[in-house]
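Chemist: Listed below, chain by chain, are the residues.
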Amino acid sequence: MAEIVLMRNFGRQDSHTLAGYRATGGYGGWEKARTMEPAAITEEVKKSNLRGLGGAGFPTGTKWSFIPKNHAGPVYLVVNADEGEPGTFKDRYLLERDPHALIEGMLITARAIRCALGFVYIRGEYVQPWRLFSAAVKEAYDAGLLGHGFDIVVHRGAGAYICGEETGLLSSLEGKKGWPKIKPPFPAIKGAFGQPTIVNNVETLACVPPIITRGAEWFAALGTKTQGGTRMYSVSGRVPKPGVYEASVAITLRSLIHDLAGGVSGSGRLKAVVPGGGSAAILTADEIDIPMDVDGLKNAGSMIGSAGVIVMDESVSIPEALMVLARFYAHESCGQCTPCRESTGWIYKQVHRIVEGHGRKDDLDTILDVAKRGGGTTICAFYDGAIGPYISYIEKFRSEFEALCRS
Amino acid sequence: MPKLTIDGKEIEVEAGTNLIEAARRLGIEVPHYCYHPGLSIAGQCRLCMVDIEKAPRPTIACNTTAGDGMVVHTDTERVRDTRRSIMEFHLINHPLDCPVCDQAGECWLQIYYMKHGLYDPRMVDEKVHKPKAVPLGPHVMLDAERCILCSRCVRFCDEITGTGELGIFHRGDHSEIGLFPGRDLENNYSANVVDICPVGALTDRDFRFQVRVWYLDTTKSICTGCARGCNVDVHVNRRRPHHAEGRRVARLKPRFNAEVNAWWLCDIGRYHFDFVDAATRLTAPVRRNPGGPADVTWDEAVAGVADALRRYPPEQVAVLASPQMANEDLIALRRVLETRGIREVAFDVPPTALAKDDDFLLRADRTPNRRGATLIGLGGDAGGLMAAARSGRIKCLWVFHHDLLAAGWPAAEVSGALGRIETVIFTGTNANATSERAHWVLPAAAWVEREGTFTNFEGRVQRFRTALEPLGQALPEWELLGRVLVGLGGTAAGRRAEHWFRELTGAVDAFAGMSYQSLGDLGRLVAGATASGLPTPPGQRAPAHA
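Residue numbers (our numbering), protein chains in the order written: chain E, 154 to 560; chain Z, 29 to 574.
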């Protein structure tokens with residue numbers, strides 16, 4: 154079994170406290186990093202092959218290096234804790250059970266990007282994570298870890314999925330409607346409040362202290378050639394032991410389901426798996442022998458996304474599953490760009506009609522055509538995420554949809 | 029300056045120019061809804077996609093800055109296909125109520141569907157329903173179902189007026205334009221959102237259901253609502269006189285002039301045309317005897333007025349000209365005065381209440397040609413002139429446009445003075461209390477019924493053109509003044525406004541060297557004037573730090 158890095162403290166009753174965190178060597182990474190040159194920290198993270206664990210999988214150190222070198226004003230660090238991808242609940246565990254790991258990761262990152270103020274944008278529904286993280290921030294202030302060159306503002310969201318999109322989050326943080334911002338400019342050049350900003354996921358930053366403490370080579374060796382480390386998989390659906398599992402990014406989907414989550418429950422026969430949160434293309438039962446790193450899923454025509462694994466057994470109706478997701482996307486589209494605003498609603502109506510027994514077979518071609526036409530035409534990746542399920546559910550399980558159609 | 033190639037044509041543009049504007053300079057239209065050159069880039073409508081060589085997929089032109097060596101194609105099969113898709117997305121929830129929509133005929137959904145859509149509709153499900161016929165303010169009506177959520181109106185209220193009344197509420201395909209709680213769209217620029225709305229979502233409450241736009245004719249003109257002289261188009265309905273209860277002027281629309289008003293027009297100016305078709309219009313020359321008023325012919329009226337001017341010694345004659353008059357009228361009037369040696373002239377009648385500048389285009393001076401009247405030399409002491417009338421020295425008074433009984437003078441004093449004057453002559457477009465007291469009434473054509481020029485507050489001379497025939501027997505003032513001049517034995521400069529303008533350029537140095545041709549559509553500054561340019565919109569000013 155792979156080494157446990159991110160969840161190493163979860164077994165302790167006091168893992169959420171400063172004392173508990175310190176008892177296992179917490180803030181050692183920060184002690185080391187504060188003696189390092191900022192560029193050396195970024196270099197170490199680059200060498201570790203750490204890739205963003207929020208969804209896009211962008212190399213973290215590279216992202217940090219986009220901050221302009223000669224910027225006169227402030228630079229901000231924003232933590233995306235607006236965990237909302239369907240099937241994903243890993244950041245919640247980190248905020249609740251190891252909040253100091255995030256604070257330490259932020260301190261190190263702030264030094265790397267020469268930042269004095271960080272924001273943590275926590276999903277509005279995450280009340281307990283917010284309480285526990287806020288308590289940890291207070292402890293860190295009391296202990297003098299914060300407030301001496303780096304401050305943290307904890308901000309609660311109000312319940313919109315789109316505010317988990319990097320620039321939608323920044324708009325929301327600025328007090329505006331959570332609309333993604335048009336790019337360019339990218340956040341590293343012009344982000345929160347018009348200043349250079351790095352937006353990182355909770356889990357990504359929790360990886361930073363161990364990288365500094367134990368070295369980039371060690372971290373890189375935990376994963377694959379192109380992605381270092383372990384990550385936390387949220388496994389839900391028809392498995393006997395749903396929950397969050399930490400494993401190498403090199404673990405196969407089959408091993409994750411069978412060795413960690415206990416196999417397939419319900420009928421016991423696997424039908425399909427969503428490997429990386431709601432926006433990932435669905436995989437059939439015979440497509441699960443793939444490594445769970447960014448490139449492995451990409452090669453399989455899907456994406457690792459936020460590593461939210463949803464397991465469906467033979468008794469699950471794929472059209473109904475798509476209807477639920479389509480309703481989600483229609484409900485959560487921010488409405489800014491026309492293709493996404495209009496077609497998420499239209500596709501939901503069509504899938505709903507099919508599930509209700511009023512579909513026509515050519516509706517399926519219309520949905521596929523509409524989904525493909527809208528792809529790549531919008532400000533943010535929301536719609537590109539939505540078309541993953543639209544297309545893959547219908548193309549891979551077309552007969553199930555056709556069976557519900559009238560003609 | 030980057031040099032790029034668009035559809036095989038090379039062009040060099042200023043750094044920072046986006047691809048829509050670069051293409052426009054080559055005469056290539058990149059279709060778009062949310063982009064507006066006067067507003068920030070939103071990138072929402074996704075219609076302005078173009079192919080850029082080496083880019084993996086079509087890119088929005090509005091947010092792409094022209095780069096050196098860039099090769100852009102606006103009409104590839106992939107671009108055409110993308111536009112067709114985007115048009116379909118724009119229209120699936122649109123009510124398609126063109127037959128009852130005021131925008132029909134000038135709607136960019138119609139135009140772009142015909143140019144870039146032409147797909148077979150596939151939407152068979154129930155459309156999203158939203159509020160209809162929602163008044164947003166005194167001038168603007170919202171139909172949220174027709175709205176394509178381009179956000180131009182929202183950005184206008186944020187970035188131009190800085191008033192921020194509008195927002196987009198809700199999410200996804202339930203998104204809709206609306207007012208923030210407790211707000212009304214009642215800033216002085218509210219109707220501009222109707223102009224920039226590319227579809228029928230925002231319509232003008234004054235124009236709604238009056239006349240279909242394809243019956244309208246368009247004429248270049250100048251707003252007369254204040255001294256700024258905003259450039260406008262006058263839209264008139266001559267082809268369906270039985271529509272809109274005979275109202276001929278359908279609406280004014282701002283016409284772009286970067287130096288004066290850019291794309292904008294204030295509401296006070298926009299609706300300052302109702303007098304043109306009002307029941308109070310003066311439509312025939314009138315002689316008022318002790319027995320009452322009687323219509324007379326122009327020949328009789330001109331002879332009567334000329335006779336009055338000749339009968340009294342010049343020092344017993346006074347003239348109150350008006351800054352509503354065009355430069356051509358004012359020079360013709362000056363010639364009349366010179367012929368008789370009349371010196372008692374003024375134009376500055378005090379208003380009852382002082383108007384104020386607003387914080388953008390509107391000037392406190394609510395007349396279009398005060399600068400012209402001053403330059404042409406008709407300024408004087410109106411108060412002294414009225415005092416002379418009260419004392420009985422003035423026997424003949426010619427008033428242009430003003431209602432002296434509704435001015436900033438005590439009405440009783442004015443009434444007393446008018447009572448002592450033997451011959452009151454009134455020239456104007458509409459009847460008022462002063463015209464009711466006049467012995468001769470000479471009806472003037474309204475500005476949209478004739479051509480001429482105004483000189484705005486900063487000295488910019490701008491042309492306005494004839495949109496309509498004068499109502500009844502009304503005449504342009506330069507013409508009726510020319511006839512009086514002939515009646516006095518003088519020579520009229522000509523039978524066209526342009527002749528009088530030529531007369532003006534020869535007589536007043538400030539106008540020297542100008543001609544109608546050289547004024548063009550954008551106007552020219554008089555000698556010695558400096559342009560102040562367009563004020564920074566309130567929404568773009570740095571907030572004041574207390």
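Just so you know, the hints here were simulated from the structure itself, not pulled from any lab data. Small disclaimer: the values here were computed from a predicted structure and weren't measured. Ideal Cβ placement from N, Cα and C applies to all residues, glycine included. Accuracy of the hints is not assured; some may be wrong.
What the hints assert, rightly or not - Taking lysine to aspartate or glutamate pairs in the EDC-like style, the calculated list, with each CA pair at most 16 Å apart, reads:
no., chain 1, residue 1, chain 2, residue 2
1, E, K514, Z, E441
2, E, K329, Z, E173
3, Z, K160, Z, E173
4, E, K394, E, E370
5, E, K330, Z, D186
6, Z, K31, Z, E49
7, E, K330, Z, E49
8, Z, K37, Z, D125
9, E, K525, Z, E204
10, E, K185, E, D167
Unchecked claim - A few chain Z residues facing chain E, derived, Cβ under 7 Å:
no., residue
11, R53
12, S68
13, T87
14, S113
15, F117
16, I120
17, P123
18, K143
19, Y147
20, R150
21, D153
22, H157
23, D385
24, A459
25, N460
Chemist: Could you tell me which of the numbered hints above are not met by this structure, giving the numbers in increasing order?
Modeler: 1, 2, 4, 7, 8, 9, 10, 11, 12, 13, 17, 18, 19, 22, 23, 24, 25
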